[in-house]
Amino acid sequence: MLTETLTAVPECDTGSKLIRADGVPTAWMVTDSLVPYPEALEAMRARAAAIAEGTAGELVWLLEHPPLYTAGTSANPVDLIEPGRFPVYNAGRGGQYTYHGPGQRVVYFMLDLRQRGRDVRCLVQGLEGLIIDTLAAFNIKGERREGRIGVWVARPDKGVLREDKIAAIGVRVSRWVSFHGIAINVAPDLGHFGGIVPCGISDQGVTSLLDMGHIVSLAEVDSVLRAMFVRRFGPATADISGGIA
54 MLTETLTAVP
64 ECDTGSKLIR
74 ADGVPTAWMV
84 TDSLVPYPEA
94 LEAMRARAAA
104 IAEGTAGELV
114 WLLEHPPLYT
124 AGTSANPVDL
134 IEPGRFPVYN
144 AGRGGQYTYH
154 GPGQRVVYFM
164 LDLRQRGRDV
174 RCLVQGLEGL
184 IIDTLAAFNI
194 KGERREGRIG
204 VWVARPDKGV
214 LREDKIAAIG
224 VRVSRWVSFH
234 GIAINVAPDL
244 GHFGGIVPCG
254 ISDQGVTSLL
264 DMGHIVSLAE
274 VDSVLRAMFV
284 RRFGPATADI
294 SGGIA
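With the sequence shown counted from 1, adding 53 to any position gets you the numbering used here.
Keep in mind that the hints were calculated from the coordinates and are not lab data.
Be a bit skeptical, because a hint or two may be false.
What the hints assert, rightly or not - With a cut-off of at most 20 Å between alpha-carbon atoms, the simulated SDA-like pairs for lysine to any residue come out as follows:
id: 1; residue 1: K211; residue 2: G258
id: 2; residue 1: K70; residue 2: R279
id: 3; residue 1: K194; residue 2: A280
What the hints assert, rightly or not - Estimated spans, in silico, between C-beta atoms of each pair:
id: 4; residue 1: G156; residue 2: E135; range: 17 to 27 Å
id: 5; residue 1: R138; residue 2: P91; range: 16 to 26 Å
id: 6; residue 1: G137; residue 2: A190; range: 37 to 47 Å
Even for Gly, the Cβ is constructed at its ideal location relative to N, Cα and C.
Please construct the entire structure, taking both the sequences and the accompanying hints into account.
The following block contains the structure:
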């Protein structure tokens with residue numbers, strides 16, 4: 054089961070669906086070093102399978118990747134403008150081409166939707182809301198846009214009706230366990246997006262918190278993300294497993 058961002062629909066009742074009724078906290082883990090994409094993908098798949106089998110608990114994993122491009126299930130090869138610039142990986146998630154690299158906060162959500170309402174639309178809306186809430190804490194107004202994936206900000210300083218993408222969303226759900234997640238542009242090299250047409254959208258731009266004048270550390274973003282996650286998804290606790298799998 055694959056999903057992309059769903060827009061222009063009423064937000065679901067997160068209180069009745071996304072928060073676990075049993076109150077079991079979700080493990081929250083931050084990796085400080087750059088994580089190679091194949092390693093992260095393998096670890097996510099293993100953890101999601103273990104959650105589905107009941108041998109591991111939920112996990113939210115925050116990390117950075119080295120510079121790379123990923124292709125979702127809807128990726129159009131013509132949108133890969135510079136195929137030799139960075140490594141390109143098939144992600145197995147919904148969406149098209151996206152960039153990951155240092156200065157971008159990637160968050161992978163391995164959540165048991167059997168305990169959270171079995172509603173993929175609600176999950177995606179919850180992740181959108183999580184991003185929008187987090188940006189609001191830094192005085193940035195993030196918005197959904199019909200027909201476009203991710204979270205957007207208006208940029209009237211760049212022209213009439215100009216908007217830039219500040220965060221991407223791509224989720225996969227297998228056996229009612231989610232993996233993949235979101236990527237928020239905190240302070241990445243925006244020039245690296247030039248090797249692709251991000252998410253297949255060529256008439257709008259890409260931005261970051263830094264590009265919008267907000268000098269914010271990843272640790273500060275992480276702190277807000279965790280607080281907003283608790284509001285929408287329920288309690289989170291430090292991971293004590295020593296790893297992801």
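A quick look at each hint next to the structure:
no. : hint                    : result
1   : K211 - G258             : holds (10 Å)
2   : K70 - R279              : holds (19 Å)
3   : K194 - A280             : holds (18 Å)
4   : G156 - E135: 17 to 27 Å : holds (19 Å)
5   : R138 - P91: 16 to 26 Å  : holds (18 Å)
6   : G137 - A190: 37 to 47 Å : holds (39 Å)
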